[in-house]
Every structure is written in C-alpha cells, then in structure tokens.
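Chains as they are written, first to last, in the UniProt record's numbering: chain A, 1 to 306; chain E, 1 to 376.
These aren't lab readings, by the way, just hints derived from the structure by calculation. Check before you lean on any hint, since a few could be wrong.
What the hints assert, rightly or not - Calculated cross-link-like contacts (lysine to aspartate or glutamate; reagent style EDC-like; alpha-carbon spacing at most 20 angstroms):
#1 K215/A - E200/A
#2 K222/A - D269/A
#3 K126/A - D14/E
#4 K329/E - D351/E
#5 K253/E - E274/E
#6 K215/A - E101/E
#7 K215/A - E74/E
#8 K253/E - D267/E
#9 K90/E - E22/A
#10 K90/E - D69/E
#11 K329/E - E288/E
#12 K215/A - E94/E
#13 K90/E - E81/A
#14 K130/E - D104/E
#15 K167/E - D335/E
#16 K315/E - D335/E
#17 K215/A - D264/E
#18 K90/E - E74/E
#19 K253/E - D279/E
#20 K329/E - E274/E
#21 K253/E - E243/E
#22 K178/E - D151/E
#23 K90/E - E250/A
#24 K222/A - E250/A
#25 K167/E - D151/E
#26 K90/E - E133/E
#27 K222/A - E94/E
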Amino acid sequence: MSTKQSTLGQLIAALGLDTENEWSHVVRERLVAYALLGLYVFVIWFPIYFIFITSIKPTSAVLDIPISFLPTQPTVSNYVEIFQNRPFELYTLNSLIVASTTTVICVTLGTVTGYSFSRYDFVGNKTLLLSIVGARMIPPIALIVPFFSIMSNPPLIGGLTGSLYDTRIALILTYTFFNLPFAVWIMKNYFDGVPESLDEQARIDGCSRWEGFVKIILPMAKPGIAATAILAFIFSWNEFVFALVLTSSEQAQTLPIAVSLFVADDFVDWAHLAAGGMIAALPGILFGLFFQQYIVSGLTQGAVKE
Amino acid sequence: MAHVELNDLVKEFDDVTAVDGISLDIPDESFTVFVGPSGCGKTTTLRLIAGLERATDGEIRIGDEVVNDRRAYERDIAMVFQNYALYPHKTVRENMRFGLEQHDTPEDVITERVTEAAELLQIQDLLERKPSELSGGQQQRVALGRAIVRDPAVFLMDEPLSNLDAKLRVQMRAELNKLHEELSTTTVYVTHDQVEAMTLADQIAVMDDGQIQQVGAPTHVYSNPRNMFVAGFLGSPSMNFIEGTLERDSAGKLQLDIGTETHDVPDEFDDELESYLGDEVVLGIRPENISLNQDGIAANVHPATVQVVEPQGEKTVLEVGLDTGQTIKAAVDPDTTVQMGDSVNLRFDRDSLQYFDPQTGESLTYESKSEQKLTA
Chain A
1 MSTKQSTLGQ LIAALGLDTE NEWSHVVRER LVAYALLGLY VFVIWFPIYF
51 IFITSIKPTS AVLDIPISFL PTQPTVSNYV EIFQNRPFEL YTLNSLIVAS
101 TTTVICVTLG TVTGYSFSRY DFVGNKTLLL SIVGARMIPP IALIVPFFSI
151 MSNPPLIGGL TGSLYDTRIA LILTYTFFNL PFAVWIMKNY FDGVPESLDE
201 QARIDGCSRW EGFVKIILPM AKPGIAATAI LAFIFSWNEF VFALVLTSSE
251 QAQTLPIAVS LFVADDFVDW AHLAAGGMIA ALPGILFGLF FQQYIVSGLT
301 QGAVKE
Chain E
1 MAHVELNDLV KEFDDVTAVD GISLDIPDES FTVFVGPSGC GKTTTLRLIA
51 GLERATDGEI RIGDEVVNDR RAYERDIAMV FQNYALYPHK TVRENMRFGL
101 EQHDTPEDVI TERVTEAAEL LQIQDLLERK PSELSGGQQQ RVALGRAIVR
151 DPAVFLMDEP LSNLDAKLRV QMRAELNKLH EELSTTTVYV THDQVEAMTL
201 ADQIAVMDDG QIQQVGAPTH VYSNPRNMFV AGFLGSPSMN FIEGTLERDS
251 AGKLQLDIGT ETHDVPDEFD DELESYLGDE VVLGIRPENI SLNQDGIAAN
301 VHPATVQVVE PQGEKTVLEV GLDTGQTIKA AVDPDTTVQM GDSVNLRFDR
351 DSLQYFDPQT GESLTYESKS EQKLTA
C-alpha cells in the first residue's frame, strides 16, 4: 500500500501536479471523455457489426431469441445465395459502372472548370460559379419528378429517340448533376491555394497554359482530386431515391435498390438483406479508411495561409 | 546576352494605369534596378518584359527584336519570383532541369549545366531534396539556379530577397553581386528596398505612379535627385524638407526666410533660383549632411533642440526641433554626447543643399549640380 502510494506520489510529481486532488480531477475528466467517445464509437459501429453478424448467421437462426451477438455457426451461404438466386453480379456491375463513370466525369470536368474559375478573370465568372454551386442547393427531392420526366422523354437531339428510363446513363447524368458543383467548388478552392506564380514559372519554362496545367498544377492537386473522387464515388454508390425512381430492372438497378428488394410486403429476408448490405457498404468503408487523409487535406486546402 | 529597350510602354488594368508610358534603355550586361513604393508599377513593368502581361501600348525590345507579341518562353528570359515559385512536387534537380527539358535541350547539356549551376551556388548536396525540405535561403539559391541553367539573355528578378531574414538578405545580396560579376547577364531587378537598389545596381530607375521619376547611376541619383519624390524615397532616414520664402538680403544675396530665421543660399544657385524671388521654395538637406556645430552661430547654422536620440551603431540619428517649430532629422557622429532636451547648433553642409519647387516638386538645382559633377 505504502509503495503504491509513493509510486503514485512520484507520478504526480513527474506530471507536475501539485496535489492528489488535482490528479484525481484530471483522471475524472479523462474518464468522462473516454466514456463519451466510447459511446459514440459504439453507436457508429454497432449497426455495421450487427449486420455483419446477421449476414453470417444461417437463415433459420436470424430471428432467434435471445439474439446472439457473437457468431455461433458462421456461414457464407447467404453471400453465395444472393449471387445464385438474384442477379447480384449485375447490380454490383451497375453500381461500379455508374459510380466510376460519374466519378471520372466529375473529376475531369470539375478539375478543368475549377481551374478556369480560379485562374481566368472572365466576364460573369462569379455569377456563373454561384449559379453552378447554387444548383446544388435545391433539395434533391424537389427534382425527382422533373428528372423522371426528362429521363423518360429526353429532348430529342440529332434525331436520337428513345427513353433513358431504366438505363445506367440516366443515373450517371443525374449523379453528375449533383456532384459536379461540389467537384468544381472543391477544385476551385484547391487551385486558389496554389500560387499563380507556379503557372507563370511554367510558362517561362516553356509550357503552354495547358501544358503548365497538366505538368505542374495538376500533379500538385492530387489531394483535391482524391477528395473530389471519393465524395463523388461514395455519393453515387450510396444513392437510393433517384435510383429507385429512375430504374426498374436489373439492367440499371444499383446495389442499394437490390438490397431494398429483400423487403417484401409481409416479409423481410433479413439474412440475405444483411449479406447484400455488407457488399453495398464495403467500398464506402474501405474508401473511408484508406483515403480519409486525402479527404481532410483536400477539403481544407487554402483554409489557412501556410 | 542582350540589351532591353522599353519605348513608351503603357499597361492599363480596367481603369487603372499601372505603367504610364515609360521609356528606358537597359544596356547589355547591366544590372538595372526598378525601385519605388508598392503600387508604383515596377513589378508590372517587369512582368511586361517577362511576357506575363500584354502591353496596352508601346514597345518592348530584347536584343534587337520587338517581343511584344512573343510568349514568355520565346523571349529568352528567366525569372526569379518573390515566392521563388519552385515546383513543390519536383526535386531540386528536376526543378532545375524542367525548363531545359521543355526546350528540348540535349541530355548531356542539361546534366552539365545543372552540375555547373549547382556548384556555382553550392547546392550540390540539395539536388535530390524537395523544396519543402529546404530553408528559405536554400530555396532562394535553387530559384537562382533554375534561372542560371537556362543561360538566358536577361534575368528578371521580382523582389527575390524580400522573404529572407535580414542577415541572409545581406549575404544573398553580396552573392547576387558576385554572380552578376561572374555571369555578366543583363539583369532587371525589382525591389522596394532602397539599400538593395543602391548596392546592386549599375543603373537605378526610381518609379512612382507608373512613371520613371529618374534613371542613373545609384550615387548620381542619390546625390542629384531630379525631384522631391526621388529625394525623399532614397536615403534612410529620408531627406529633410524645409519650406521658406526666397528673398534678397541687404547685401543682395539670396536667402530663404524659413520663419524665425533665414538660410543663406550659396551663390552658385543664383541663376536657377532668381526667378523664384518672393516665392515659396523648398530646401532639401539629407540627415547625414547635417552636423553639430561647436562654434556657435555662423552662416547656415541653425539653433535647435534635441527631441529624440537614436543610437544606431555606425551613426546616431537625432530628431531635432528647429526654432521655427519644424522637426528634422540629423545623422551625427555616434560618439556624440548630446541628450534629449539639449540645445544644439546644426550646420548644413553647403555642398549638399538641394532646392525644389514646392508646386511641381521638381529640383531647381538639378541641372547645375549635374554640371558641377561633370566638370569636377
């Protein structure tokens, strides 16, 4: 006991604290902080954990009472079955095509447009930028009917006919509409943080404006590009409402819709829903884990003067 | 190497005229410094020469060719920016190579030039580092190195030392001097720091309001300013200006009535100043041309009271109040024992007096002083 007390005393002295009173106060503060953080982490991760556990339970065990929170008879049958009984490979492919195409379009156009807004002082550039970003301020729900109407009867251009309803193109166009303003905004802010003297130095070194952009400015904008890409990809991958309204079959339906199809009027196929949900959630979780550093540095670029 | 010629150069941004019809000849191998306060148009002039801005009017010649319509990289210039503008994602070596690669220079020439420049600037050890791993002084050297490897006809430098601390700035200033001595490349340099301008330049161009106020050798411009702006801008502490009315004393000599006392005008200025008889005239005297007179009142000795004493090491700057109420500065011997509140007699060195027209600011004695200098 006395050894313990003297060790504590040494520790208190080492930390530069005056009294044991102060020490216990610090400990209490820390405990409260950790408890709150722990609760937060639990609230975030528990649903994901629970879906995972459910996805590896045999179908018959899913609704067992009491609920088991640990895998007692782990199985991959749910994962195998959703690919066997339903065209999950098509849904996944649709999601991949829609999300990656949207991402490529948004990053390409967003980067070039953002650079122009950052560097060129043309008439009306502020108004244009505001109207581009402002378009994103409209609540998406207000646009569902117009989008449905446009995609079902697209304006005829160059003699093209036909409906875009239930096509991946409809989703790609819609998601581009929602993500491009973000992409332009992020990239414009990113380029604003890159000194213009670098463009000028490139011009003196023998680059045209385009060459200077590609060879000098673009490589410096990688974090901004990464942030834009991740946001666009995850948005398109997760989007549900427009996908529900604009598609009706596996030729265009994406994973979120596929997962929702496990909910029938009088029955929910929990085990398969959980397996589908895990597949749908995976890219988001992986992207988040690996690229979070880029998201932060990409979004905060130019916020402080270095 | 080439000379640069600016003819009636004008640059307008919307309603603002940044460069207002300047003409200047920058001789081959010279080190010309544009100096002036912020917004005087000096950087814009440099950017016009670089091809980063298009002239609204006028002509820019590099060598014998008009380059107005040429792109920056076709002008055979290299520029050093205030923030160095090193490519952050490239190593020092890649930074130095980039311009040469863009010009399709053969590999062996690139390697040779980069090695030579790195040796010249003593940055051999830094070649594989990224700019973010370098100190300010090292970044500065790399920026210079990148300009040197290009072996351009003209170096353009936009306040390249202003981001360095005071000690490093003095050191780099000396190195720039040495570098120019060695390479003899025509250099156009922009700064707001008059000490930099004085120490580096063969030719100094003082700018204000988009116009060149005066061009010449630094010492000539310093001792023979063409107008009150140049007189006040060059020199620290700056020139004192004392306003008075020009009149003749009973003996017929010109003198300036500066309130409670008079100041005798040296005879040699009789011709220039005669037409101003009865008018206001400004007397200019630099602080270092004022000394403390021990022998009591004599010609051009003015009684004053010491208000502030600022020892600066090599000199002591006094802020003194004349009996007329005006405050002026005097730079005196650092061994002086005067203290705040002391009464002193100030002697104005008669060879260093300048007279200006208070309306136009023009020097009334510029021609005559220039001639004196030439005949001497």
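>> Are any of the numbered hints broken by this structure? If so, which, sorted upward?
In response: The structure conflicts with hints 2, 9, 10, 13, 14, 15, 17, 18, 20, 23, 24, 25, although it agrees with all the remaining ones.
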